[in-house]
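Same order as they appear, the protein sequences are chains A and B. Mapped onto numbering that gives the first Met the number 0, the consecutive letters of the first sequence carry residue numbers 0 to 142. Mapped onto numbering that gives the first Met the number 0, the consecutive letters of the second sequence carry residue numbers 0 to 159.
One should not assume that every hint holds.
Said to hold, decoys possible - Partial selection, computed: residues in chain A whose CB lies under 8 angstroms from chain B:
(1) Asp35
(2) Gln68
(3) Phe92
(4) Gln96
(5) Thr98
Read the hints as simulated data drawn from the structure, not as lab findings. Backbone N, C-alpha and C fix where the C-beta goes; we use that ideal spot for every residue, glycine too.
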Amino acid sequence: MPKQLYYEDVEVGTELPLLIKKPTPQQLVKWAGASDDYYEIHYDKDFAQSTGLPGTIVHGRLKSSFLVQLLTDWTGDGGTVKKISVQHRGMDFPGEQITCRGTVTKKYVEGDEHIVECEIWTENPKGEKTAPGSAIVALPSRE
Amino acid sequence: MAEGQGITDELKAMIGTMISEPGILEVERGAIRRYADAIDDLNLLYRDVEYAKKSGYGELICPPGFFGWPIKEGGAMKTLDTFGGPLDRAGFPRILDAGIEYEFFIPVRAGDILTAYTRVADITERAGRTGNMLIVTQESTYLNQNGDIVAKARSMLIGR
């Protein structure tokens, strides 16, 4: 289980531990069933190509879910994701590695909460940021 | 493929409206586990009730962004049905997910019943590398059975 992260443990510039995903076509089917998104561009290659795509593509919401996991794995059970924002700029394809990354951009105390802001993104095998975004988490403090 | 015509009257008429009755979503343990399996997220808060009870959450919680299973309205297919026709008629036959923003206020637990209110916030046109496209922005508010706001979402889809 992830160990608990505290506000005092992070600094601006701290890198989040990488989260590596490599969704298979089967995983995209699991995601379709779990998220109620049966759009054929994600599992029917002929349909995907008929819409002009090179093949089936990974669901955007699966990628944003990966980025949520990047945050929750990092913060531990005592942390909370308060906000997340993800833009889908590039496509990812089943069978290809998606590397989820993040860095701390700000930390501050707001009321009784200890807030950490991050830049987060998914990276394809070419190193391109396919889903850039940002997030705000609250962490417990040792004080 | 023909160039998109732009924002048609049909699409303009959707702006500011709630495109459906409020959605009702049931949050079940099995659905949470299945969602966590689909992400391949092993977090015990989504899987192990005893662990979740000891953690202080008291019950399995949803991975942030999962709001349970729609039993009335809602769902991705409803979104595709609602916008697919009008976007296609406007000359934008392809739909892609452009992004999502969430604000989370209260954890969503197994056993919760959520009500989702969704309105079309805006439909705008943008020039892209391969031609112009339309961006449809929807805003959703999710309330639990106690009337507390658990989350807000802003979702963007592209018609190309």
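I'd like to know which numbered hints this structure contradicts. Please list them from smallest to largest. 3, 4 and 5
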